[in-house]
Amino acid sequence: MATETANPPRARRSAIPSMSVLGPILALVILIVIGAALNGNFLSAGNINNVLSRSAFIGIIAVGMTFVITAGGLDLSVGSMAAFIAGLMILVMNAALPSLGVGVPIILLGMLVALIAGIVAGMLNGFLITTLGIEAFIVTLGTMGIYRSLVTWLANGGTLSLDFDLRTFYRPVYFDGVLGIAWPIIVFAVVVILGEVLMSKARFGRHCAATGSNEHVAHYSNVNVNRTRMLTYIMLGLLVGVATIMYVPRLGSASASTGVLWELEAIAAVIIGGTVLKGGFGRVWGTVIGVLILSLIDNILNLTDLVSPYLNGAIQGVIIVLAVILQREAKAKG
Amino acid sequence: MTAPSVLALQSVHKSFGPVEVLSGIDIDLRSGEVLALIGENGAGKSTTMKILAGYQPATKGKILLDGKEVRFGSLHEGEAAGIVLIHQEFNLAEQLTVEQNIFLGRELRRGPLLDKARMRALTRDYLSRLKCNIDPDTPVSRLSNSDKQMVEIAKALSRDARVLIMDEPTAVLTGSEVEVLFEQVRALRAAGTAILFTSHKLGEVKAIADRVTIMRDGAVVRTDSVAAMTEDDMATAMVGRDVSALYPPKPDLPADGSVALRVAGLTVPGRAHDIGFSLRHGEILGIAGLIGSGRTEAMEGLCGLRPATVATLEIEGQPVTIRSTADALDQGLCYMTEDRKLRGLLLDKGMRVNLTLQALARFGRVLIDRKAEDAALSRAVKDFDIRAGHGDVLVGNLSGGNQQKLLLAKVMQSEPRILIVDEPTRGIDIGTKQQIYTFLRALAAAGKAIVVVSSEMQEIIGLSDRVLVMRQGRIAGTLGGADITEDAIVRHAMGVGADTDERAA
Numbered sequence: 001m002a003t004e005t006a007n008p009p010r011a012r013r014s015a016i017p018s019m020s021v022l023g024p025i026l027a028l029v030i031l032i033v034i035g036a037a038l039n040g041n042f043l044s045a046g047n048i049n050n051v052l053s054r055s056a057f058i059g060i061i062a063v064g065m066t067f068v069i070t071a072g073g074l075d076l077s078v079g080s081m082a083a084f085i086a087g088l089m090i091l092v093m094n095a096a097l098p099s100l101g102v103g104v105p106i107i108l109l110g111m112l113v114a115l116i117a118g119i120v121a122g123m124l125n126g127f128l129i130t131t132l133g134i135e136a137f138i139v140t141l142g143t144m145g146i147y148r149s150l151v152t153w154l155a156n157g158g159t160l161s162l163d164f165d166l167r168t169f170y171r172p173v174y175f176d177g178v179l180g181i182a183w184p185i186i187v188f189a190v191v192v193i194l195g196e197v198l199m200s201k202a203r204f205g206r207h208c209a210a211t212g213s214n215e216h217v218a219h220y221s222n223v224n225v226n227r228t229r230m231l232t233y234i235m236l237g238l239l240v241g242v243a244t245i246m247y248v249p250r251l252g253s254a255s256a257s258t259g260v261l262w263e264l265e266a267i268a269a270v271i272i273g274g275t276v277l278k279g280g281f282g283r284v285w286g287t288v289i290g291v292l293i294l295s296l297i298d299n300i301l302n303l304t305d306l307v308s309p310y311l312n313g314a315i316q317g318v319i320i321v322l323a324v325i326l327q328r329e330a331k332a333k334g
Numbered sequence: 001m002t003a004p005s006v007l008a009l010q011s012v013h014k015s016f017g018p019v020e021v022l023s024g025i026d027i028d029l030r031s032g033e034v035l036a037l038i039g040e041n042g043a044g045k046s047t048t049m050k051i052l053a054g055y056q057p058a059t060k061g062k063i064l065l066d067g068k069e070v071r072f073g074s075l076h077e078g079e080a081a082g083i084v085l086i087h088q089e090f091n092l093a094e095q096l097t098v099e100q101n102i103f104l105g106r107e108l109r110r111g112p113l114l115d116k117a118r119m120r121a122l123t124r125d126y127l128s129r130l131k132c133n134i135d136p137d138t139p140v141s142r143l144s145n146s147d148k149q150m151v152e153i154a155k156a157l158s159r160d161a162r163v164l165i166m167d168e169p170t171a172v173l174t175g176s177e178v179e180v181l182f183e184q185v186r187a188l189r190a191a192g193t194a195i196l197f198t199s200h201k202l203g204e205v206k207a208i209a210d211r212v213t214i215m216r217d218g219a220v221v222r223t224d225s226v227a228a229m230t231e232d233d234m235a236t237a238m239v240g241r242d243v244s245a246l247y248p249p250k251p252d253l254p255a256d257g258s259v260a261l262r263v264a265g266l267t268v269p270g271r272a273h274d275i276g277f278s279l280r281h282g283e284i285l286g287i288a289g290l291i292g293s294g295r296t297e298a299m300e301g302l303c304g305l306r307p308a309t310v311a312t313l314e315i316e317g318q319p320v321t322i323r324s325t326a327d328a329l330d331q332g333l334c335y336m337t338e339d340r341k342l343r344g345l346l347l348d349k350g351m352r353v354n355l356t357l358q359a360l361a362r363f364g365r366v367l368i369d370r371k372a373e374d375a376a377l378s379r380a381v382k383d384f385d386i387r388a389g390h391g392d393v394l395v396g397n398l399s400g401g402n403q404q405k406l407l408l409a410k411v412m413q414s415e416p417r418i419l420i421v422d423e424p425t426r427g428i429d430i431g432t433k434q435q436i437y438t439f440l441r442a443l444a445a446a447g448k449a450i451v452v453v454s455s456e457m458q459e460i461i462g463l464s465d466r467v468l469v470m471r472q473g474r475i476a477g478t479l480g481g482a483d484i485t486e487d488a489i490v491r492h493a494m495g496v497g498a499d500t501d502e503r504a505a
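Sequence order for the protein chains is A and B. Take the first sequence: its position 74, counting from 1, is numbered 74 in UniProt numbering, and each next residue is one higher. Take the second sequence: its position 443, counting from 1, is numbered 443 in UniProt numbering, and each next residue is one higher.
The hints are simulated quantities; they were obtained by calculation from the structure and are not laboratory data. Please read these numbers as outputs of a predicted model, since none were measured by experiment. Any given hint could be a false lead.
[As the list claims (entries may be wrong)] Coverage of chain A stretches by chain B, computed from C-beta distances (three or more under 8 Å per stretch; other residues unrestricted):
#1 197-203
#2 211-225
[Stated by the list, open to error] BS3-like cross-link-like pairs, simulated, lysine-lysine; straight-line CA separation at most 30 Å:
#3 A:K278 - B:K148
#4 B:K50 - B:K148
#5 B:K382 - A:K201
#6 A:K201 - B:K341
#7 A:K278 - B:K341
#8 B:K341 - B:K50
#9 B:K131 - B:K201
#10 B:K50 - B:K131
#11 A:K201 - B:K371
Positions of the beta carbon are idealized from the N, C-alpha and C atoms, including for glycine.
Construct the entire structure; sequences and hints are all you get.
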């Protein structure tokens with residue numbers, strides 16, 4: 001009896017992982033198979049590079065969102081925040097152009113502005129949510145409106161464009177890479193690896209899960225709940241800054257329509273990946289799969305004419321709901 | 001003995017997967033009679049009650065209602081048959097008012113609209129029968145635990161229950177509230193209701209029950225009239241071994257033992273004022289007092305869990321400042337909460353995560369050493385005799401006793417030199433209590449200083465070398481040695497102690 005209970009659970013676990021682990025991976029594999037069957041170009045290096053580069057923005061933000069949601073929070077402001085940071089970055093770089101000229105220093109200045117703006121925006125959300133104790137949904141709904149309006153105002157209702165010479169100089173940050181892998185993909189990969197280690201192996205990840213699972217228990221267990229939450233928002237703001245640094249060289253402009261609905265795509269990716277929306281459990285690798293599933297659907301619809309690409313949103317919606325139902329079933333059984 | 005049987009189970013079996021939790025239960029609830037169901041945690045009492053109330057189907061066996069076999073398809077059918085189960089964890093909608101809760105799902109209507117006036121009047125009537133004067137319009141979230149219990153009972157009254165099943169109704173009540181509850185139970189009994197309740201307090205069983213059914217390991221070991229059994233008989237039948245030595249013997253403490261903790265002028269705004277005491281190595285200090293007397297708040301304030309001011313705070317003779325739990329733990333001072341489910345343990349996580357949460361820094365500065373965690377869990381399971389089927393069971397699925405042992409193991413991970421335990425045995429069985437008492441005494445013998453906060457008089461008396469009694473946020477008296485008697489504690493707690501000043505240290 002003793003040996004029976006000691007060994008088989010471990011053996012069983014490694015043999016057949018639960019549906020909540022397997023589900024997202026299976027869905028991704030099925031999508032890849034479908035994509036490859038429908039279009040020969042699907043698995044070409046060019047297409048893969050393209051899909052991954054486009055996923056990188058949402059992906060980098062979604063990694064941060066995973067921590068926020070795991071700790072029991074939510075951030076609706078990230079899309080607007082990205083647009084605002086992009087606008088700010090462009091304004092600062094254009095303004096500094098006469099004195100700094102086209103070169104590495106001005107790019108570094110732009111990056112610094114993006115990172116600092118992201119951190120400050122994250123701190124603001126975090127301060128309102130933790131110190132003042134306002135509901136995360138309400139705070140970030142408010143800041144979402146504020147950033148969106150600010151970028152519209154900065155652009156005077158139109159588009160903020162990076163100086164042409166600067167844009168040409170900055171372009172490689174999105175379009176070039178190392179060994180044929182684009183920079184956004186490399187940055188995304190680094191963020192994911194750091195995020196996964198932080199979530200599953202570090203104290204901070206454990207503290208996030210404890211805070212989201214039951215903040216009273218966390219408080220009584222020597223977890224600084226407010227600091228943990230604050231750090232998740234700051235981290236998310238920083239990652240929005242990183243994503244914007246990758247995004248600006250792609251189009252070289254920012255407008256009121258930049259980053260619209262990014263927040264919902266990021267949250268959707270987090271949920272598809274198996275993180276629990278009400279907090280307490282999160283996994284970064286799942287979020288990556290969620291991001292890939294969402295962008296592959298988009299990509300497949302664009303490559304084939306089987307289904308109208310206008311139905312993209314509908315299919316993504318079905319996938320999100322399906323993912324949550326499957327995970328609930330798995331939880332009930334386990 | 002000829003009262004008609006209202007609800008009965010006959011050779012009922014219940015299995016969850018391959019695990020059989022009930023094996024052939026016979027139980028019989030009679031009209032106008034109070035039946036106590038007692039047994040250790042995990043003996044199968046909760047499952048038995050759920051089957052009786054129709055919350056869960058039996059795997060095998062018969063449920064007899066008025067002698068006829070029935071099968072409850074859902075708990076609504078159970079309620080329709082007049083069977084009401086009051087859960088240990090309250091089943092109240094926190095955001096709704098008292099009145100809305102009492103009539104939830106059975107709202108009275110006049111035409112298409114709610115008849116609020118009548119519902120409110122009826123609610124007032126039920127509450128006044130319970131001598132409970134809360135406003136029907138108060139949201140339940142603002143009530144104390146004992147008031148919530150009263151609302152649950154009022155809810156049962158409103159349903160004209162023929163059978164009332166209560167899972168540990170007195171666990172969260174104060175002495176006088178228990179009396180009010182018992183009065184109601186007697187009134188219901190006189191009106192012909194069949195009542196079943198569980199309790200870990202055998203004194204209550206003696207006081208209120210007519211018959212008692214004792215369970216052990218999923219089977220009924222004895223059913224008898226209460227008059228025929230002493231409390232010792234009951235305990236022995238429950239545990240299956242003699243538990244007369246519930247409390248370990250108190251050793252003689254050297255009078256000049258070194259002081260581990262000295263507190264003076266500890267004030268938690270609105271909750272506790274000017275608390276002062278000292279605690280020596282090897283000593284167990286009991287803190288008694290009524291619920292709401294500020295015991296928990298004072299200890300939480302001391303450990304940095306809530307805002308507090310303190311005039312003097314010395315640990316090992318050194319003045320220290322404690323502003324957060326981290327400060328307290330750094331000083332070797334650790335508090336174990338009274339509420340293991342809401343403040344103590346993450347119920348949706350496994351044992352490993354819970355065990356190491358408080359002392360996570362000991363398992364790696366940045367990255368967590370999983371091997372060290374696993375080793376700590378194996379050690380804790382062995383040292384604290386935590387009985388869980390396998391290592392990755394969710395903590396919420398453990399029995400109360402095992403949860404409590406895990407909680408104790410968790411606070412010990414930070415290796416405190418001064419340990420404050422709050423209600424260390426609330427709602428757990430007598431066998432586990434004995435293990436916890438033995439453990440606490442062994443810790444003291446190893447030179448640790450221990451504070452035990454408890455509402456259970458016997459526990460305070462049996463365990464403490466010295467007792468502080470709190471009343472209305474202040475220390476009402478200090479008792480030591482032979483002076484630690486139930487009478488003296490009650491006098492101080494109620495504010496009728498004549499010689500408070502002389503004894504206060």
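(request) Output the numbers, in ascending order, of every earlier hint that fails for this structure. (result) none
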